[in-house]
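Novice: For reference, the chains in residue letters:
Protein chains: 2
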Amino acid sequence: MSDTQTVPGRIMAAEMAEQPAVLQRILDEGAPKIFEIAGQIAAREPRFVLLTARGTSDNAALYAKYLIEILLGKPAGLTSMSTTTAYGAKPDLTDVLVITVSQSGGSPDLVASTKAAREAGAITLAVTNNAGSPLAEVSEFHIDVLAGPEKALPATKTYTAELLALYLLIEGLRGGDGSAAKALPELATGILARQDEVKALAERYRFAQRLVITSRGYGYPTAREAALKLMETTYIPASPFSGADLLHGPLAMVDNVSPVIAIVPDGKGGEALQPVLDRLRGRGADLVVVGQQAQVESASAGFALPAGVPEEVQPILEILPLQLLAYEVTIARGQDPDAPRALAKVTETH
Amino acid sequence: MSDTQTVPGRIMAAEMAEQPAVLQRILDEGAPKIFEIAGQIAAREPRFVLLTARGTSDNAALYAKYLIEILLGKPAGLTSMSTTTAYGAKPDLTDVLVITVSQSGGSPDLVASTKAAREAGAITLAVTNNAGSPLAEVSEFHIDVLAGPEKALPATKTYTAELLALYLLIEGLRGGDGSAAKALPELATGILARQDEVKALAERYRFAQRLVITSRGYGYPTAREAALKLMETTYIPASPFSGADLLHGPLAMVDNVSPVIAIVPDGKGGEALQPVLDRLRGRGADLVVVGQQAQVESASAGFALPAGVPEEVQPILEILPLQLLAYEVTIARGQDPDAPRALAKVTETH
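Same order as they appear, the protein sequences are chains A and B.
So the first sequence is numbered by the working numbering: it starts at 1 and just counts up by one.
So the second sequence is numbered by the working numbering: it starts at 351 and just counts up by one.
In isolation and in its complexed conformation, chain A is listed as follows:
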């Protein structure tokens, strides 16, 4: 076994491979606790939800924002953390549920901002991978995403774990049963088994100078997380845009040397994205689609996702081929996905 220690990306590869087991663990062991917490929070009847997070967890928070607005019918916002930590803003947070999402639960600004929210009257909930963290400590409620220790610098299993935990939470808040998530572990296993397909796709980006990543609706957080993953591992600048925003300016940047990756949800988000895909095809863009087989076939290339998955849980699967892509492009460029330069696992921002 000792020679595997020197294989670049072995930690990230192992953690990506754990994802089906982590998802199953959340469904089996985590769900009852999540539904219990959801019940207690629902009884307090929050009217507005604020989500606080950074980096990968911020993309998980954005996914939760879509769930909250669409499934729960409550207005929601992402916190601009510096308003509290740098400017000392003290908004009245009565009737507000503040959800702080963090892999480590250790970043001082998240702890400070959550503490301030609780003092300002908010119901506070931490969603972390560390039940003993300072963030879990200062929050009224805590959900453990049960992903086990994550050692690679690029977060993978904690991202999908956060997504599933947040999905179950919102299901619990609206009185749903979370059954749409049941098949995810098996489907994730099927996707992760197709690494060779992604490896072939990765050749396309080995020499890319830049990437544009787009989606709409539930798929937009996936676009953002894919861009972040690709940037922090491959160092290729990857700009994520909602399809609608892409048409408001940045489309000028797309041409036949700026490849585009589109995440096409199977559902309303994908339908809303079609005019954007038409514009991109019309401009001769190199378009790689992560979505249903028919969508992949009308693009330059792509990765087909399983059919029949409810749109609201598709993000938990969509990101998997894109994590693999970040990994494979990084390997192809001769870099080590486990150790992007300049990064520390627990980022201490204040």
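Everything labelled a hint here was simulated from the structure, so no lab data went into it.
Some clues are possibly wrong.
Cross-link-like lysine to aspartate or glutamate pairs, in silico, EDC-like; alpha carbons within 16 Å at most [as the list claims (entries may be wrong)]:
| # | chain 1 | residue 1 | chain 2 | residue 2 |
| --- | --- | --- | --- | --- |
| 1 | A | Lys74 | B | Asp445 |
| 2 | B | Lys424 | A | Asp92 |
| 3 | A | Lys268 | B | Asp445 |
| 4 | B | Lys424 | A | Asp95 |
| 5 | A | Lys115 | A | Glu137 |
| 6 | A | Lys74 | B | Asp459 |
Position chain B relative to chain A; hints supplied.
Specialist: Only chain B this time, still in chain A's reference frame:
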């Protein structure tokens, strides 16, 4: 005069130059109406604020979000528009002020989303440059930003006009007098007169493959708007990050071939950004600072902003040298800032 018709960027240049006059017009003619509307809205005691916009106006909306959280002490969020327009979400918006910001007031999704918000019980306010627009029509309240027709595709004067109108609105909502904005037209004139300095700075980016733009607090919307402006005119991929988020991953992308532009607010946002600037300098990044003279002197190069301006209105000035920079880099690359490929002035997203 006829030969000027063929000068690339002449429309954008003229519109940038109008900004001091537009700001003065808002202070003289617009402010009384804005304060009147603010008074009517304040009397209805909204508890939460949602902001809806796309593209450049979305960056103006983000600026307003900071003002609302810091100065007004109310929780706020940016709308994920597709939750309404694609998924038909119907959140209960009682006690919610929904502010929709749009230069043209013509994009169908903004109109639909604002209409839906009004039906869902929200107090709706449109901030546009077109009092006769469909958006102004469907909103309960309307603020005209009085920028006059904008013809260049990259929005410049409507952006600073939206910022000032939103600042005065929030001042009105909290019972302030907006006096911090009084000196802005004259200071803007001073900055715009220094185009030669920016032209020298532009040489730095003529051959750049990518850019990272960072700031914190009130300066973060400026970072986003500068990135958008540079992308849509020069086509250089420009990634905006809050300083804190930059440390959570994308820092790996920064090295001595990825130039960084930092907007350093004179105040708490700038203080919070210092550790990020230290990390960037430690990595040998090419760092260009837009901020106070002392900050510029500790960077590779920069553009010094006038001292003594209250932090909350600095964004109205900060963006000016960055608009000029987008213009000058575009000219240096032999492109026409007035007509980025593939863009239409009124973007019809649905």
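Novice: Name the hints, by number, that the structure is in violation of.
Specialist: 3 and 6
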